[in-house]
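**Q** Chain by chain, the residues run as shown.
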Amino acid sequence: MKTHKKNSLLIKTYHQVLTSEWSFETFEQCLLLADSFLNQYALGFSEFIKKNKNLDSIVLFSSSSLINFLKDQSTLLRDNHLPSVPDRLPKRRSAEKSRYSLLTLEVMYNLGFPIFSSKADGSCLEENICFFRDIQSLILILASEYILPILKKQRLKEEYDFLNLIMFTHSLVAWHDNPAHQNQLFSIIFDNLGFQEAVIDCLYVAFRLTDPDDHDYLTKAQAYWAALIDAEMFDKAKAFTFKLLRNSPEKHFEELKEMIELIFELDRGVGVSP
Amino acid sequence: MSSTIGGEDINHDLAIHEKNEKEKNLRTYARKLMMQGNKKKRKALLNQASEISRRKSKRAAHH
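One line per chain: the protein sequences are A and B, in this order.
If you count the first sequence from 1, position 4 lands on 4 in the working numbering, and the numbers rise without skipping.
If you count the second sequence from 1, position 23 lands on 23 in the working numbering, and the numbers rise without skipping.
Hints in this document: simulated from the structure, not taken from any laboratory.
Keep in mind that this is a model prediction, so the values were computed, not measured.
Yeah, the Cβ is synthetic: ideal placement off N, Cα and C, and Gly gets one too.
Any given hint might turn out to be false.
Sample of chain A residues at the chain B side, in silico, Cβ under 8 Å [stated by the list, open to error]:
no. : residue
1   : R133
2   : Q182
3   : D216
No farther apart than 35 Å at their CA atoms in a straight line, the calculated lysine-lysine pairs in the DSBU-like style are these [as the list claims (entries may be wrong)]:
no. : chain 1 : residue 1 : chain 2 : residue 2
4   : B       : K22       : A       : K12
5   : A       : K153      : B       : K58
6   : A       : K251      : B       : K24
7   : B       : K56       : A       : K51
8   : B       : K56       : A       : K71
9   : A       : K152      : B       : K32
10  : A       : K6        : B       : K41
11  : A       : K257      : B       : K40
12  : A       : K71       : B       : K40
13  : A       : K152      : B       : K24
14  : B       : K58       : A       : K6
Turn these sequences into a full structure, and let the hints guide you.
**A** In C-alpha cells, the structure reads:
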C-alpha cells in the first residue's frame, strides 16, 4: 500500500513538472523526481554522493567509464563537430561555480544512468525503466533550457561540453527505438551547438516520422515551420503549410489557417520574427 | 499505455483531454510570440508541447 502511494506521488510530480510553467525551479524539481525514483532502488544521485563523499567532482567527472562511454559514442558522429571530451575538470573555486558544476554532475548522472552506478546495466529497474526514460527526457529538455545558458555565462566550458556530450549520447543510445523523439532531442542539442541546418533537418525528420493522427503531429509541424521562418525560408515554409493543410485531419484546420495568415504577415515584415 | 512501477500497472501518461488543452495553449502562445520575437521562449514552449503530447514510453521500450 505504501509503495502504491509513493508511486502515485511520483507520477503526480511527473505530471506537475510536465505541465507547469517551466522555470529553473521546475528543472530542480525534475532532478528531485529522478532522485526519488532511483532511490527506490538506492540508486539516486543523493545516495551516489553519500557513497562517494570522500571524492570531489573532479574525480567523478573523470571516471574512466564515463570518459570511455562518451568517446565511444561521440566518434560515431565526429563530422557533426561535437565538442571533444574534456580531459579533466578544473577545480572550481567559487561557491557559485561549484554549485553549477555539481548540478551538471547530477544531470550527467541521470542522463548517463547507469554509467556511474555499480549496477552497470540498469536492469534492476526492470520495466520501470520506461517511466525513468521519460523523466530523463524531461531532464534533458529542462537542462538545455535552464542550466546550459548558466554554464556558458559562467564560462564553465568543461561542464558545458560534458553536458552537451551526455545529452547527445543519451539521445543516441536511449531513444534509438523512437526515432521521432530522438530527432526532436537532437534538434535541441544541435540548437545549443549552433548547427541551424541540422536543427531544421532533425525537426523535419521528427515531423515526418510522426503519424498525422498522433497527438504531437501539429506541434512537430509547427516546430519545423517556425525553424524555416527563423531561417527566413519563407517560400519553403509557405509550401510546407499548404501541403500540411492538404494532408492534415480537419481538427487542425483552424490552427493551420492561423499559421498561413501568420506566415504571410511575417513575410510582409509585419512583426519582428525572425 | 502503462508502466509497472512497483509491479503495478500504472499509467504515467496524461489524459487525452489534458493533452489536447495544454498542447494547443502552448502552440497558440508560441505563434503569438512569433509576432514579438522572443525566439528562445517560443522554442521552449514548443519543446514542452511536444513533450506533453508525445506518446510516453511503453513497457517494451528498453534502453
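**Q** Does each hint fit the structure? Answer for all of them.
**A** Hints, one by one, checked against the model:
1. R133: Status holds, d = 5 Å.
2. Q182: 11 Å, violated
3. D216: 4 Å, holds
4. B:K22 - A:K12: 16 Å, holds
5. A:K153 - B:K58: 38 Å, violated
6. A:K251 - B:K24: 12 Å, holds
7. B:K56 - A:K51: Holds, at about 32 Å.
8. B:K56 - A:K71: Cα-Cα ~29 Å, so holds.
9. A:K152 - B:K32: 29 Å, holds
10. A:K6 - B:K41: Since the Cα atoms of A:K6 and B:K41 sit roughly 34 Å apart, the hinted pair holds (cutoff 35 Å).
11. A:K257 - B:K40: The given pair, whose Cα atoms are some 24 Å apart, holds under the 35 Å limit.
12. A:K71 - B:K40: 30 Å, holds
13. A:K152 - B:K24: 32 Å, holds
14. B:K58 - A:K6: 21 Å, holds
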